[in-house]
Amino acid sequence: MSDLRDLYQEVILDHSKHPRNFGHREPTNRDAKGHNPLCGDQLRIFALVEDGRIKDITFEGRGCAISVASASMMTEMLKGRTEAEADEIFRRFHAVVTGEEEIGDDEAEQGEGGLDKLRVLAGVRDYPMRVKCATLAWHTLKSALDAKGAETVVTE
Amino acid sequence: MTAAEPMNKVTFDIARVRADFPILAEKVRGKRLAFLDSAASAQKPKQVIEAIVHTYTHEYANVHRGVHYLSERATVAYNAVRAKVQKLINARDENEIVFTSGTTDSINLVAQTFGRATLKAGDEVLVTEMEHHSNIVPWQMLRDEKGITLTVVPFRDDGSLDMDAFRAKLSEKTRLVAVTQVSNALGTINPVQDICRLAHAAGARVLVDGAQGIPHLHTDVQAMGADFYAFSGHKLYGPTGTGALWARAELLDAMPPWKGGGDMIRSVTFAHTDFAEPPHKFEAGTPNIAGVIGMGAGIDWFLSLDRDGLDAHEAELLAYGTERLAEVPGLKMIGTAAEKCAVMSFVLDCAHPHDIGTILDAEGVAVRTGHHCAQPVMEHFDIAATVRPSLGAYSCREDIDQLVVALGKVREMFG
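Just so you know, the sequences run in chain order A and B. Sequential numbering from 148 applies to the first sequence in my numbering. Sequential numbering from -11 applies to the second sequence in my numbering.
Isolated chain B, as found in the complex (with noise of 0.2 Å):
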């Protein structure tokens, strides 16, 4: 197959889902692989491996560049991407998708470009305190710079956003609402339409972090009503050092570019530059560019999918992992809201997680330990790290029932 033509539809066969990913195929530490870590980075289908080698073995060279035969293969390879991701968050124009490099880059773009030209010393940025590393270290970048002021709305206790404390926080002073659309350590699904709707009537824009999101929630930015959406492609079956930050039109037209060089000009002359217009404005260097064929094949791959079916899986897969993690003696989980999905945070009395991690991987089980760049989350309940096993499009059964077993070898050598 070519990168750029339509897979045909299945319908959601976990056996035939699986059956795409080779790596799932591999053993590990001599054992079946439970890959339970898809919130860190999920594995490729063929379908993207095999984009990303079809480029470089038959379509690669520059692109925007050349008048030759590679370079025109590779940029409408290349171009085609932006109506894929237009599709996939129903943006309204696909003008309004920005390459970057993932979640990270979309955010620090944001922060360095809306937020450099319009926000000043007294304006406040919010965040909550669920969000990612990348979601706060920007703005407080900015805060030191501009004298803005960055303010926090905290979780409950079983990680849901508290509402309240959001309406109270809201103000005329608030210019932009910065909050994940599911948080990578709780799992919480935030109720990001109805915060554009209150931070809107204030007056504030809002950007959503959509890294956790975007695998599991079905996404469309216009009803939403967000401002700016930002995910990564390395957690949506593609590959690293891929993503998009979506902006809406008028915004991207005001916003200045933030980095400088090749093909995100009109003209340069020494006295003066014409940028070229947005999302080119804001793509400056020879992109990554089998990287976004191969973000376009994850979105293909995942569009393909039984969506209906993909999210009866992942609450069915959510529920048994969370019965069976309860069984387990000495076993709490952090992260409990009636809204949450994919991700399955637990801290054990006996071992720290990462002692629990090695004793897992040594079972074949591969899950995140550590502070999942959320060290505010771990703070609030007073932990250095919880375990997290998250799930993906191709997790099963057989993969929890593999971590309950493991996790008795913990309570074997440290209970």
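One chain only, chain A, in its complex shape (with noise of 0.2 Å):
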């Protein structure tokens, strides 16, 4: 097993103690509730989608530290996309927390809007019990997206 400060990085507890985005914030167009049957977490995602971008994301709810760390670093990730790139950046990272792929070290993935903002979150590959937290925010989201309208997703 891999170190617990590898789950449990600075940058994941500074995120779960002061989360981005947190709390309802209009306007918005697009919701989903998320819930993890689990541990009985709950979130709800809102967006502003307009012209296939998303223009603002928010949530609110409570949960773990891994969950609200992943919610709040995927609202600051994903603001400002299109719907399509967030579609790919929740594959990439879908597979990246269960192991099936990496984060390059090349530029794209480094630079401004890469994925690497993210490789704190793939320490959770390690827990697999723990592999729902951090995507329920995601989950959630795209199901928001999806449904173009007031949805609740729950973690398989």
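Note that these hints are calculated values from the structure, not bench results. Ideal Cβ placement from N, Cα and C applies to all residues, glycine included. Watch out, some of these pointers could steer you wrong.
[Stated by the list, open to error] One side of the interface only, derived from the structure: several residues of chain B facing chain A at Cβ under 8 Å: (1) His340; (2) Asp343; (3) Thr346; (4) Ile347; (5) Ala350; (6) Thr357; (7) Gly358; (8) His359; (9) Ala372; (10) Met401.
Both chains come to you apart, so use the hints to assemble them.
Quick look at the structure:
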């Protein structure tokens, strides 16, 4: 097993204690509720999507450090992206936290907007029971975007 | 040994008890295992593991069917478990014992037979706020089908059942009281004997969920006065997928069968089926043969313990654990009823239960974190989850000490 500090890195602890984009901020035209039946955690994602682009994104709810940090980092990462870009980032993120893909060292990954910012969450791959915590916010956002309205998503 | 042979009586000796459990010698994450999750499922003594291996190695065939040697051996070993359960809970007759896949299955059996056959619109089923989902959902499903009312008796903030509210909610409409013997989330021991007396005086039947009670309390269904008693083998040191429903013979006689199939019939034609007598009427299909035999070995093992010694050991350990946890800054116990056993649910101000669970795990400490399938209990305290260390017969002070040290590491990281 990897060291616990690989899972609970300072960045994650910081995001969990001081989540960014926390609290419902109007205007929004997409939202979805996420529920992790394993722990009872619930969160809600709100987004404003215009012309296929995520203009704003906020969340509220309660959860463990991993789920709150992941939601917080997701909002930072996806604000301003197109829905198509968000889809691809979600796919990559999911593959990274489940250990199917790695984040590369090339400039596209390291640069502004690259996936490297999410590397701190990759530690969760060593804790299969916790992967759901890291992906809850992402599944919820995807549901909000896909449903184009209010929806409840449950992690499997 | 064979599965049917009784074991020698042993006095309660924690080192000897622990030596019966191979898994307790395992290292997890490179650390000594402090297994404090017996309320979710108990570990298995070698006697249970050997009984299952023995069955499949030497005595396995389908039961109640063949006339050949192996079928006869398996049938004898399987049937013998009914008397073990009878002895465990002091039932009047072994035919009052129905084998099920566990407590959930037992409760659903009551809901789908007794419930569907006797309850009608306007009747009330009384449950408590501290029930496990398995003693809520089957009644909700019946409510939605039959138009019965589901009434909830609250518990007080210390986790004890509000008996005044129970008396107030009990009425001539109450047909069934479904109550847990011990709360899995809080550890509260409910006064089930009083509940049965009051319910009967009001003309209601009582189902007692014994999943958490049976491993810790001396259970005598006749003295308790219950009408139905459900428990799981896997929380009593036996294998998963096993359990039993006890019900008074006259109730089982009157209840219609639930699942139809082989082994539950006397004769079948396309026009008509004569059902077997209870308990076989409720046991359709090939049963969990080796599992039931393993459950029997678990009961034998449990009954071989010095029960007074075990009671004293568990009470002392609960007191010790409660005292040690009280020393942890920011820790709040959830469930502090005067009458409780084996469970020490808590929350910590600085960290979420799942993060605590992961850090404890890295220190070799296994606890359940989450809502414990008792979300109404969580709602009562306005929390999503708790950390729940729980005790088994093999638990010891060292496990508690390891837990407290590990909680120090949680505070280092999150405090």
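The hints, checked one at a time:
1. His340: 4 Å, holds
2. Asp343: 5 Å, holds
3. Thr346: Check passed: Cβ of Thr346 (chain B) comes within 6 Å of chain A, closer than 8 Å.
4. Ile347: Constraint on Ile347 (chain B) satisfied, holds at 6 Å.
5. Ala350: 5 Å, holds
6. Thr357: With Cβ-Cβ at 7 Å, under 8 Å, it holds.
7. Gly358: 5 Å, holds
8. His359: Status holds, d = 4 Å.
9. Ala372: Nearest chain A Cβ about 4 Å off; hint holds.
10. Met401: 6 Å, holds
The structure is consistent with each of the numbered hints, conforming to all of them.
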